[in-house]
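Asks: From first to last, the protein sequence lines stand for chains F and C.
Under the numbering used here, read the first sequence as residues 293 to 696, first letter to last.
Under the numbering used here, read the second sequence as residues 276 to 1054, first letter to last.
These aren't lab readings, by the way, just hints derived from the structure by calculation.
Keep in mind that a hint or two might mislead.
Said to hold, decoys possible - Using 30 Å as the maximum straight-line C-alpha spacing, the simulated DSBU-like pairs for lysine-lysine come out as follows:
no. : chain 1 : residue 1 : chain 2 : residue 2
1   : F       : 605       : C       : 390
2   : C       : 714       : C       : 700
3   : C       : 500       : F       : 637
4   : F       : 641       : C       : 390
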Amino acid sequence: TFLSEKQCYSQLFSFENVRPGRNVNLSFEKDRASLLCMKALANRGRLDSVSQQMASHPQYLESFLRTQHYILYMDGPLPVHYRHYIAIMAAARHHCRYLVSLHSAQFLLADGDPLWLQGLEAAPLRLQHLDHINKVLAHQPWLTARSHIQALLKTGEQCWSLAELVQAVVLLAHCHSLCSFVFGSGSDSDTTPTPRVHHGTPPGYCLCDAANGNTALSPSLAGPTEKAPRRREEDEAMFSADPSRFVTDPEFGYQEFARREEDHFQVFRVQDYSWEDHGFSLVNRLYSDIGHLLDERFRNVASLPFPHSPDLKRAIWNYIHCIYGIRYDDYDYGEVNRLLERGLKLYIKAVACYPDSSKTPLCPLSWAPVKASDKVHVNLLVMEARLQAELLYALRAITQYMIA
Amino acid sequence: MEKMTRVSGTVSGCTMFCHLDAPANAISVCRDATQVVVAGRNIFKIYGLEEDGFVERLNLRVGRKPSLNFSCADVMWHQMEENLLATAATNGAVVTWNLARPCRNKQEQLFTEHKRTVNKVCFHPTEVNMLLSGSQDGFMKCFDLRKKESVSTFSGQSESVRDVQFSIKDYFTFAASFENGNVQLWDIRRPDRYERMFTAHTGPVFCCDWHPEDRGWLATGGRDKMVKVWDMSTNRVKEIYCVQTIASVARVKWRPERRYHLATCSMMVDHNIYVWDVRRPFIPFATFEEHKDVTTGIVWRHQHDPYFLLSGSKDSTLYQHMFKDASRPVDRANPEGLCFGLFGDLAFAAKESLMSAPQSVGDVGRKTYPGGDRRYPIFFFKKPDVTEQFAQVSSALSVFESEAGSSVGMDWFINTAQSYLLSGKPFAELCEHNAQVAKRLNRPQESTTWTMLRIMFSEPANPSLSSNHNLNKSGNLPLVNSFSMKEMSAALNERNKENRQDNLHSLETNLNNNDENEETEGSEGQAEYLFGDAELDDDDLYSMEHDNQAEEPEYLLPQEAFPLRHEIMDHPSAPEPVQEKPESPHVSGSEAESTCLTPMESFSLISVSQLLFSPHLPPKFFCPIVKEMLCYYAEQGDVQMAVSVLIVLGDRIRKEIDELTQEHWYMSYIDLLQRFELWNVSNEVIKLSTCGAIMCLNQTSTTLHINCSNCKRPMSNKGWICDRCHHCASVCAVCHHVVKGLFVWCQGCSHGGHLEHVMEWLKQSKHCPAGCGHLCEYT
Chain F
293 TFLSEKQCYS QLFSFENVRP GRNVNLSFEK DRASLLCMKA LANRGRLDSV
343 SQQMASHPQY LESFLRTQHY ILYMDGPLPV HYRHYIAIMA AARHHCRYLV
393 SLHSAQFLLA DGDPLWLQGL EAAPLRLQHL DHINKVLAHQ PWLTARSHIQ
443 ALLKTGEQCW SLAELVQAVV LLAHCHSLCS FVFGSGSDSD TTPTPRVHHG
493 TPPGYCLCDA ANGNTALSPS LAGPTEKAPR RREEDEAMFS ADPSRFVTDP
543 EFGYQEFARR EEDHFQVFRV QDYSWEDHGF SLVNRLYSDI GHLLDERFRN
593 VASLPFPHSP DLKRAIWNYI HCIYGIRYDD YDYGEVNRLL ERGLKLYIKA
643 VACYPDSSKT PLCPLSWAPV KASDKVHVNL LVMEARLQAE LLYALRAITQ
693 YMIA
Chain C
276 MEKMTRVSGT VSGCTMFCHL DAPANAISVC RDATQVVVAG RNIFKIYGLE
326 EDGFVERLNL RVGRKPSLNF SCADVMWHQM EENLLATAAT NGAVVTWNLA
376 RPCRNKQEQL FTEHKRTVNK VCFHPTEVNM LLSGSQDGFM KCFDLRKKES
426 VSTFSGQSES VRDVQFSIKD YFTFAASFEN GNVQLWDIRR PDRYERMFTA
476 HTGPVFCCDW HPEDRGWLAT GGRDKMVKVW DMSTNRVKEI YCVQTIASVA
526 RVKWRPERRY HLATCSMMVD HNIYVWDVRR PFIPFATFEE HKDVTTGIVW
576 RHQHDPYFLL SGSKDSTLYQ HMFKDASRPV DRANPEGLCF GLFGDLAFAA
626 KESLMSAPQS VGDVGRKTYP GGDRRYPIFF FKKPDVTEQF AQVSSALSVF
676 ESEAGSSVGM DWFINTAQSY LLSGKPFAEL CEHNAQVAKR LNRPQESTTW
726 TMLRIMFSEP ANPSLSSNHN LNKSGNLPLV NSFSMKEMSA ALNERNKENR
776 QDNLHSLETN LNNNDENEET EGSEGQAEYL FGDAELDDDD LYSMEHDNQA
826 EEPEYLLPQE AFPLRHEIMD HPSAPEPVQE KPESPHVSGS EAESTCLTPM
876 ESFSLISVSQ LLFSPHLPPK FFCPIVKEML CYYAEQGDVQ MAVSVLIVLG
926 DRIRKEIDEL TQEHWYMSYI DLLQRFELWN VSNEVIKLST CGAIMCLNQT
976 STTLHINCSN CKRPMSNKGW ICDRCHHCAS VCAVCHHVVK GLFVWCQGCS
1026 HGGHLEHVME WLKQSKHCPA GCGHLCEYT
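Required output: the full structure, derived from the provided sequences and hints.
Replies: So this is what it looks like as structure tokens:
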């Protein structure tokens, strides 16, 4: 493994060189990014392309990795193999092969029962119960209701504790939104050993290319996996199979929230239930420290250096929330139409709501950003806004359950 | 004071509530405490406070489809102008309302300068036309109500503003709290820069409130679940009080007329309203538990009346809480604390007033609070307190140290461990000694056990001889006998040995003699004496035991020989002691088994005849009893006794108890000894143990790694000369010779040398012998 790590490092540095650099504290940022990558590498024995993409925003990457590590490996009520299985379930909702195979391997490493990987029916009932809220959160989070929480927490042999449920919900939201990022950045092809042309990636998009071994400069990403213990590779090959086996009701998907607005579904008002005031306190109480980590993520993404006006950023964020039925009293939604061009809007909507390469209705993505970094930025915004939206719905349902 | 009298005249009522149509976000009360305004996303109403309930006076939310301007995040009633209200709208508008307007729509002015939700509005306490707002966009704006626009804008340069409050005493000052944890102080005349800024909380500071009387005090509450009181009057802002609550703090309001009280409510999870005495931050002074959802607004009904609190909640109710109806967590809390320490010390905390009476330490615990009186302090608490203060904010903590030898402490354990002799003397003497020790420590059962062990396992001849001698001399045998019999049978009964009563009968004669022996002989220095007497009486009573008598002088031999002979004494059948000496204990043990037969016969004979001078039973006979006894002690937790007996008895009992149990006992005892830092005793026990697993405990971690003082490299071979630099590493600083034995060095300057040399040196001088100037110390 030492050899393979060394290769990774060399790959890391070559990728650093390829990166279209911003010149502001380049060396500092570079150091920070590479340090983080090394940490991630040491942790998981490989550097996934997601981290590589994010490496252009080291401060964000840091908080992202920390959160992910905390949710998957650190203190928490759920056993580690459960966590990976829940991640598989979440990623399967969006047919994200990359995450499914990644977590399948991790699941096996955490001594999970290989049988479970045959499909959701093979998993314990408790995990199967989670399927419904998984489905709802992934596609139509506004449907999340107190009754779902109640059903899961109802005492019985297969019941969940509140703390477990909160961790599961955080995991689900994290993985759903990560699917968006993976899809948006085209990393989904990562698992297949042969380099593949990914859809809609502009030629100038070096990060991604470097990550997938399309440039002569770096050894392919398969490098580390080649040298890694044989077992893992086999596992991955074996379980990178169809994510659909973890999915029930595959027809259930995103529906326009706006169309249903006249129905009984109330608009979610941020002024009545916000992350800062309400979500944070609840999630931090039931799953300690996660609030701070997520808070840091949201803050970091909000403070990312954005070359365009802050209004655009806010418009993107609010547009994503709007797609999910979350409204801000103090925002004029006319601004969304003024600031976001049609291509970008379609792109955002596709990435946020249909991050599923197998059935994207809007393929190919027509939005071509001027700069590659813009795309990463937008992807990050989509991911975080989606994460927050799902969390808000889930946590509000939990709050309602607790009050009743 | 004039106000006060007026207040008590006009404000009256009871705990009451009314249902609202929608969740409330904020409430405010008009100056004369007769009306309250409730504002929320879908509600904006004024209620009159009547004697027996709320009466809706006015609905300010008019129009068929009310705009977002009506969606209020905050509301404030002007404290000077009774018709004037201001609201902060969630869409960023600041609206003022004039109740005196003749039409239904009371809206007076609309300021739409903020880009984001306005979190807070605040009227100036004395200036009629001045209004301040704080918004999510990070700006604070000051409005003159006579103008259409804001007169000044303050940029916090940090994140969203959560609260703004005009200082009550300083005309120009206001405080603002921010989402990033900062609190800023501003001068209303200087919009360019804040006067001071400090970080008050980690995470958002949701609220702040100036103390109504104390000019410099500001209370802040944050998402980090803390309420902090800051003294702003000094140059450096100082945190003077801190209350830790159980949920994020949404609102904080000082209680009127109570300098140290403030009320808080939470934004999430916790629905109660707490009133705290900041000096006692660990328990709320009072709690109001009426709401079913989070409380969003709290306000004291009148600014000079501490007994009425109004609150609005997300559960769509508006409450008036009476202070007398509040629940007092203090009443339910036990005002006294009691705890045992490791060494039997007892700590006891109670209200100071109850502890103040001068008493001797020993008596306090028993005399002041006998069972029934315990309730007294609680009862005292419940008495309706005139001052409404905590009846007692300070408690006294007493620590009672257990006296040596008391049943509570563990001193007996330490004493016993230190005083017991486990080896180095003949068996009988060891038992004797240990019996004395137990007796001295007031542990009669253990003492008796030791005595009995001695009788059971040692050669009965000698002690009885001596006792006979005593008897001859003093002639008081019957008396002593009867006494010891009672004692013995008591001890025996305790061990449930009644079924063997017949056997024991035969023993009693022997036992009694021995016991008497114990009673009479005060010291251990009687061995010699014993010897002399034994020779005399030998022929008279025990012709059988000739051989033993010859052995007796050997008790006085140097110690190293004893363990062996000690074993031998158990087997009187051996004709010649001289021959037995070289034999190993094992051999003699087997011999004992072979000689069993004769005593058994004699035993049956004795039980019938009840002879006074019976031949003794074989030691093996007692083994089951002793085994049971050991197990009994071990189960009682007195593993000390079990192990001590095990060691002293040695081979006599060892084979009877399985290795694992023994090991377990040893481990427990050694662990206990080490906890009490009785290293020497623990080492002795380890040394004397016969279990392999225990003995090897001494053999581990005995290596001391040292580095050469010259080249700083590890020394491999010898401790005193370095292989690499061929330097003598450990040179005595006093005599400058190499130290090959005990080397002592100062932890401060790392110079040292021969233990004795250093000791001597430091007797005469305070300084290091190496001349480094360090003041070394040898303790």
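Asks: Now tell me if each hint is right for this structure.
Replies: Okay, the hints, checked on the actual structure:
A hinted pair counts as satisfied when its Cα atoms are at most 30 Å apart, and residue 605 of chain F with residue 390 of chain C qualifies at roughly 15 Å. About 19 Å separates the Cα atoms of residue 714 of chain C and residue 700 of chain C, which keeps this hinted pair within 30 Å; it holds. Distance check on the hinted pair: residue 500 of chain C and residue 637 of chain F sit about 40 Å apart at the alpha-carbon level, beyond 30 Å; violated. Simply put, residue 641 of chain F and residue 390 of chain C have alpha-carbon atoms about 26 Å apart, close enough for the 30 Å limit, and the pair holds.
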